[in-house]
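Student: Listed here are the chains, written in short residue letters.
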Amino acid sequence: MKLEFSGKHALILGGSCELGITLAGLMIKAGLFPVLTFRNEAGRKKIVTAMEPVDGSYSTAFFDLADPDSVDSLFQSGDSVEYLVDFAQGDLERLVASHGSTDKGKYFEENVANRTKVIAHVARIMLGNQFGRLVFVSSTAAVRPNHGQGFYAAAKLASEAIYKNLGLELGGRGVTTVILRPGYIDTGRAKKFIQSKEKEICERVPIKRLLVSGEVAETILFFLSKSAEGFNATEITLDGGLTAGK
Amino acid sequence: MVDTFTNIQEILSEILDIEPDEVSEDTYVIRDLGAESIDLLELAVALNTAFKSGLKSEIIDDEIFLRFLREYMTEADQAGKEHAGYLKEKYPFFSETRIDEMLSDLSSGPVLKVSDLIDYIHSRSIAV
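Protein chains in written order, with the working numbering: chain W, 1 to 246; chain E, 1 to 128.
Honestly, the hints are just simulated from the structure, not real lab data. Where is the CB? At the ideal position from N, CA and C, for every residue including glycine. Careful, some of the hints might be misleading.
Unchecked claim - Partner residues are not named here, just some residues of chain W that face chain E (Cβ under 8 angstroms, in silico):
{"no.": "1", "residue": "127"}
{"no.": "2", "residue": "128"}
{"no.": "3", "residue": "173"}
{"no.": "4", "residue": "191"}
{"no.": "5", "residue": "235"}
Unchecked claim - Listed below are the simulated SDA-like cross-link pairs for lysine to any residue, each with C-alpha atoms no more than 25 angstroms apart in a straight line:
{"no.": "6", "chain 1": "W", "residue 1": "117", "chain 2": "E", "residue 2": "38"}
{"no.": "7", "chain 1": "W", "residue 1": "117", "chain 2": "E", "residue 2": "69"}
{"no.": "8", "chain 1": "W", "residue 1": "117", "chain 2": "E", "residue 2": "63"}
Take these sequences, add in the hints, and give me the full structure.
Tutor: Structural data, given as structure tokens:
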């Protein structure tokens, strides 16, 4: 199936992750122009190195959920964005009953409140164009967290709700949203953990394997395409059946 | 060059799917035209684009749509200040006469008029 797109400009938040870079490559092949955000110099270099063969077909921009003002620098007056893919997520692995309220509050401020600021900013641009498609990359951990993932899950669920309502409110104006909950992927911050327990994890997944970044990126690209415009304000689980049963 | 009223008239008729002649300077945006919150959001974005204000549409939202009007009146009460004077501080782009009108008209519903949008645009020196 050849995917068709209604827009061209895509913003990938958290663009230095492997999934973001893989997705950007697919976007370029599909004729889109991705802007990948990074939050530090290491992230920028990672993008530039990986994207070297397609130099000129994308751009980068600084953005950090911990720095709410950075959203303002993402957009110059008149900039257009028709697609947003949001991989950005801070990490806080902590037992719920652990001490330390400051970092927990800060975590929610960054990963929920500041994200909301970005979403509102982007949504207004999209509203002006009467078109926009946003994909929030959540996680099956949002609904099936492991020990220590309570804050991560809570932030993901809160962000899912924001995205969902955005699609509900602006769907009639051409701005729609999809929330994707991937399961175990052999990439990202859980890579070491997953690789160390790959056999046990695969036993739990009905399709008996991990997801690979390419198939997740292809799924996201599909959700941005015209073919998927009927999906709005909803969560899609991509986990090989992991969370379907006990 | 299209004047500010005509520009706003066109924007409102497009957003609300009404005929332009249904919109005059004296028309109430919410009370007469039935604009809902989603329409006001779209209106803020459209005004920002049409008048190239350089203002964030969030600011237009907060300032022009009188979102905090009743909160400001409560603040004035708590500070022992007159409503009219306090609202003039908060909404410097409206004349004292217009603020008096708004206060006397509040019981009939939302007071925002098309002429208020024009005054705001002019006051902010962002008219075309």
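Student: It remains to establish, for every hint, whether it holds in the given structure.
Tutor: Now for the hints, and whether the structure bears them out:
1. 127: With Cβ-Cβ at 5 angstroms, under 8 angstroms, it holds.
2. 128: holds, 5 angstroms
3. 173: holds, 7 angstroms
4. 191: violated, 39 angstroms
5. 235: Given a least distance of 23 angstroms, the restraint on residue 235 of chain W is violated.
6. W:117 <-> E:38: holds, 17 angstroms
7. W:117 <-> E:69: holds, 24 angstroms
8. W:117 <-> E:63: holds, 18 angstroms
Hint check: violations occur at hints 4 and 5; the rest are consistent with the structure.
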